[in-house]
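K.L.:
Since chain A is already given, all that's left is putting chain B on it; use the hints.
There are 2 protein chains.
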Amino acid sequence: MNELSPVATRPKTIADVATPALILDRRKLQSNADRMRARVAELGVQLRPHVKTCKSIDVLRVLSGGADLAITVSTLAEARYFFENGVRDILYAVGIAPSKLPQIADLIRRGCTLRVILDTVEAAEMVQAFGLAEGITIEALIELDTDGCRAGVAPNDELLLEIARRLSSDRGARLAGVMTHAGGSYSARTLGEFEDIAERERAGAVSAAERLRAASFQVEIVSVGSTPTVYYARGLEGVTEARVGVYAFGDLVQAELGTCGVDDIAISVLASVIGHNRSHGRVLVDAGFLALSRDRGTADFPVDWGYGAVCDAATGALIDGVRVESTNQEHGIITATSGELDWSRFPIGGQVRVLPNHACATAAAHDRYFVVDGGNDIVGVWERVNGW
Amino acid sequence: MNELSPVATRPKTIADVATPALILDRRKLQSNADRMRARVAELGVQLRPHVKTCKSIDVLRVLSGGADLAITVSTLAEARYFFENGVRDILYAVGIAPSKLPQIADLIRRGCTLRVILDTVEAAEMVQAFGLAEGITIEALIELDTDGCRAGVAPNDELLLEIARRLSSDRGARLAGVMTHAGGSYSARTLGEFEDIAERERAGAVSAAERLRAASFQVEIVSVGSTPTVYYARGLEGVTEARVGVYAFGDLVQAELGTCGVDDIAISVLASVIGHNRSHGRVLVDAGFLALSRDRGTADFPVDWGYGAVCDAATGALIDGVRVESTNQEHGIITATSGELDWSRFPIGGQVRVLPNHACATAAAHDRYFVVDGGNDIVGVWERVNGW
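Note that the protein sequences, when read in sequence, are chains A and B. When the letters of the first sequence are read in order and numbered with our numbering, they come out as residues 1 to 388. When the letters of the second sequence are read in order and numbered with our numbering, they come out as residues 1 to 388.
Just chain A, with the same shape it has in the complex (with noise of 0.2 Å):
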């Protein structure tokens, strides 16, 4: 139950904006979509954006360019929108669960091409059996571990062929393919430290797909993805997708990893001031940490930006010497850096938009976009499909 305010759900400029509110500069995103586009055509591979980051139709038709575009999805919620909404080809990316497999045969019977993965004995058996008895057959993608950070089978494991064997028994499943993801790219700080993460997710991903295929099984898809690892890998042979989500919008993260500059961050959260409590020099504003998120994403690295950096409401400037400080659940506390914090940036009634840590965790606060072009105006509000 997310529902629309009757009295504003029209604004026409930001300073019309309810708050605290999601802003999404169409500008930036398209400029960031542009860049990853030519990234992937540069590395030889496929696009296939997470849309976990913006879970919109309206956001992934800037990052498709007008093409008929494969995605990743990361809840079942995203999957039936998206397929609503024309897509055809959906990567479920979450380890899949026996409760969720009646959902997974509902879209595939509607047409969708919708492929799950998995990394146990298990779970081949589960989905195998499922889709026996439902006389369909579900695409399932083995989940490999190239970093040691989450899931998966590690490229070298006895078990890949096992999962393997499983998956190609009998009717009901058909191994597609191998994926990875490596979150590890995102406790790297140096060139070095990225591309050599990069090329092991890439070769690890590739070396399962050969492992695989030397023992006579079919692999289509050989799926890789973070958006540090896709910037930084020196090359993706042997690789025909690249996953990639927060490339979208950006976030601090990715600017102090290097990925994106703070300005170009697409996305930030529109507050109102609504105190000023001078003695412990605070600025109190109307988003907290539901509509900030409570992500710390920044905390180890040089720049900690606390749970968001501050800019001017009407021109996206950074304030500089002032951080989110800390959160409630509908109050944020803005502080000085150091030195003293000036006042009259932050007048009683005034707004302030603040830029996400991370923003997949940030956007999923809210339900809907209000889109400016660059300037205050709002050109569209653009819906978010949360929850799963």
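Please note: incorrect hints may appear among the correct ones.
The list treats identical chains as interchangeable, and a pair is accepted whether it falls inside one copy or across any two copies.
Derived lysine to aspartate or glutamate pairs resembling DMTMM-like cross-links, with alpha carbons at most 25 Å apart [what the hints assert, rightly or not]:
| # | residue 1 | residue 2 |
| --- | --- | --- |
| 1 | LYS12 | ASP68 |
| 2 | LYS12 | GLU134 |
| 3 | LYS12 | ASP264 |
| 4 | LYS12 | ASP106 |
The set of hints was computed from the structure by calculation and includes no laboratory data.
P.N.:
Frame of chain A; chain B shown alone:
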């Protein structure tokens, strides 16, 4: 946009619920509700539950025990929703911003007793001018700072009387009382500290009310509250009402603060086991930071529960020696806190329930509750009103 899944809208038991999902145990909610009603009766104050925790009329009906309760809200989405569900007396307890005044006016005109809070002369003037222009009277409470933790005017500050004068200078606005929230209660650890913070909250609010009354202002409402200070207060003499929210569900932070036991926690996130990473000792589940929230509220307590405590899905009993160690967007990673992980407790495709650090943050990640009544049968699906 949070649509109910087309396939699994009304599961019969927990085992049928597509994960991740929010489970609410109505028996525990009832017990928590009864306990707080008895407590505020003992203290001789009115209960004004803060519905930012539950955001559900069905939950409020349990909290109220059938009475017509006044409530506290943190968003205007909550105000609209609860008003449309019959609640007539609402305190909007986040400092008012100008962009929200049209929505406030709309609700007041429709018959809602909706009060706002503020702590600056500027906000008082804006509210008064807006009310005058619209031909309505907006009632306001002055927010007080009794613990230096967030917003508010110090009870002995000359500003208190100045704001009161602006609110009373003409038609359009009216002073209705004072309110404070002792957020500092969350950093207390001993009974003496809790009692002292509760007493500062009470004494600060009452002394501000007395100063205003001595200056001939009418002060009907003297409002305080937080779950810890209301449970630990030695008394609430001079206070008229208590605002409490999280007591309804309890959570791991409240358990650490001693306001509830771990067994009293009424909500949990149902998750499926989607992977085993045996070489790293990790169980992967499909509840990540979007389902659990990024809240690390227990990080500074004697027992650090990571991103949540893990329970058996069928019995709800705590599984000792493990916790949710880390999260990605749709992945949770369960590890042993000491010793070896007992893999037999986490079969692939099996379910667990995760107790939240902070009930408000975790519940806000979901748009509905799957309600159980002590057991595993789903006895209801209750909606929440998220967003703004």
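K.L.:
A separate judgement is required for each hint: does it hold in the structure or not?
P.N.:
Here's how the hints hold up against the structure:
no., hint, verdict
1, LYS12 <-> ASP68, "neither (32 Å within a copy, 39 Å between copies)"
2, LYS12 <-> GLU134, "between (51 Å within a copy, 21 Å between copies)"
3, LYS12 <-> ASP264, "within (24 Å within a copy, 48 Å between copies)"
4, LYS12 <-> ASP106, "between (41 Å within a copy, 20 Å between copies)"
Hint compliance for this structure: hint 1 alone is broken.
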